[in-house]
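Residues -14 to 258 (the numbering used here) make up the sequence shown, in order.
Bear in mind the hints are in silico, worked out from the structure with no lab data behind them.
Just so you know, not all the hints are guaranteed correct.
Below 30 Å or equal to it, Euclidean Cα-Cα: the simulated DSSO-like pairs (lysine-lysine) are [as the list claims (entries may be wrong)]:
hint : residue 1 : residue 2
1    : Lys88     : Lys138
2    : Lys138    : Lys231
3    : Lys88     : Lys231
4    : Lys77     : Lys88
5    : Lys138    : Lys77
Label-pair distances were calculated between CB atoms; the ranges are [stated by the list, open to error]:
hint : residue 1 : residue 2 : range
6    : Glu150    : Ser181    : 23 to 31 Å
7    : Pro223    : Arg44     : 17 to 25 Å
8    : Met186    : His158    : 35 to 43 Å
9    : Leu222    : Ala31     : 24 to 32 Å
10   : Leu(-3)   : Phe90     : 15 to 23 Å
11   : Trp38     : Phe169    : 12 to 20 Å
12   : His41     : Thr78     : 40 to 48 Å
13   : Lys88     : Gly47     : 48 to 56 Å
14   : Phe153    : Leu(-3)   : 22 to 30 Å
Even for Gly, the Cβ is constructed at its ideal location relative to N, Cα and C.
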Amino acid sequence: MAELLLPPLFALLLWWTSTGVLLLLVRAPRRTYVWSMGAMGVLLVAALYGAQWVSHYARSPGDAYLAIVFGVSVWAWHELSYLMGFLTGPRKTACPPGAAPLKRFRLAIGTTLYHELAVIACGLSLVLLTWGQPNRVALWVYLVLWVMRWSAKLNMFLGVRNFNEEWFPEHLHFLVSYLQRRRFNWLFPWSVTISSVIAGMILVRAVGAEDVFTRSASALVFAMLLLAIVEHWMLMLPLRSAVLWKWFTESEVDRRARRAAGVPLAVGSGSKP
């Protein structure tokens, strides 16, 4: 039973912490960006090596836990390089007012093209590094994050109720012009339905697995996919999801001011409705 209960808790902690650390680094002064990316570059190399190394081992739950850490670390490098503006796309200006949907989509691709190519390159690297090995959790988690992030981006392009506009650093704030606020879009039900079916299939595999590694590995991948589905729902529901990472995004000066005013630290502005 522990192989089914502990992995989701571990995945939740890893998801929350890694997202918070990325937000903290991005909101730091820009003079720190080079050092942050240098450290993340070392982490990327170590994570790729670690994913290849641990792929040979599929004996215990620990092997699955290590693999998911390596997979998330590879993905974190892409997120940070994009949010810090090091690896984005050839277009770095806002969408022209009144642009037709197809033109807006084409221009939007230009804002993230280099990032997407790098994501594909790292995905192919993980495929090659773990090819034919029994532990490919790092690859599966990376693919979950990749596909679900594409789905989230498409949903935001078509229109969602919430996206955390305040999370965009100043140098990327022009990206907001490519997004829309709508109560619903046609892609959303397909995104959550298909991903939920796949999550259910992974959960069935986890419950029915005979060895502890497969149970833990499947439970970890299921948990990461479930969290991505929850993030999709956060885009549409009138919830202030940003409050989950308020501790990372709020400065110490803001915290002191809120304490002085008697406002609980857990309350934040979140996403605009």
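Going down the list of hints, with the structure as the test:
1. Restraint check: the Cα-Cα separation between lysine 88 and lysine 138 comes to about 16 Å, which is no more than 30 Å; the hinted pair holds.
2. A C-alpha spacing of about 22 Å is found between lysine 138 and lysine 231, which places the hinted pair at or below 30 Å, so the restraint holds.
3. Between lysine 88 and lysine 231 the alpha-carbon distance is near 36 Å, which puts this suggested pair outside the 30 Å criterion.
4. A distance of roughly 15 Å separates the Cα atoms of lysine 77 and lysine 88; the hinted pair therefore holds under the 30 Å criterion.
5. Only pairs whose Cα atoms come within 30 Å are accepted, and lysine 138 paired with lysine 77 is accepted, the gap being roughly 17 Å.
6. At about 27 Å, the CB distance of glutamate 150 to serine 181 agrees with the hint of 23 to 31 Å.
7. The beta-carbon spacing between proline 223 and arginine 44, approximately 46 Å, falls outside the hinted interval of 17 to 25 Å.
8. Checking the proposed 35 to 43 Å range against methionine 186 and histidine 158 shows it holds: the Cβ atoms sit about 39 Å from each other.
9. The hint said 24 to 32 Å for the Cβ distance between leucine 222 and alanine 31, and at roughly 37 Å that hint is violated.
10. Taking the beta carbon of each, leucine -3 and phenylalanine 90 are about 33 Å apart, not inside 15 to 23 Å as hinted.
11. Against the hinted window of 12 to 20 Å, the Cβ-Cβ separation of tryptophan 38 and phenylalanine 169 comes to about 45 Å, which falls outside the hint.
12. Checked against the hint of 40 to 48 Å, the C-beta distance between histidine 41 and threonine 78 comes to roughly 47 Å, which is consistent with it.
13. For lysine 88 and glycine 47, the hinted distance range of 48 to 56 Å is satisfied, since their beta carbons lie about 50 Å from each other.
14. At about 25 Å, the beta-carbon gap between phenylalanine 153 and leucine -3 stays in the expected band of 22 to 30 Å.
Hint compliance for this structure: hints 3, 7, 9, 10, 11 are broken, all remaining hints hold.
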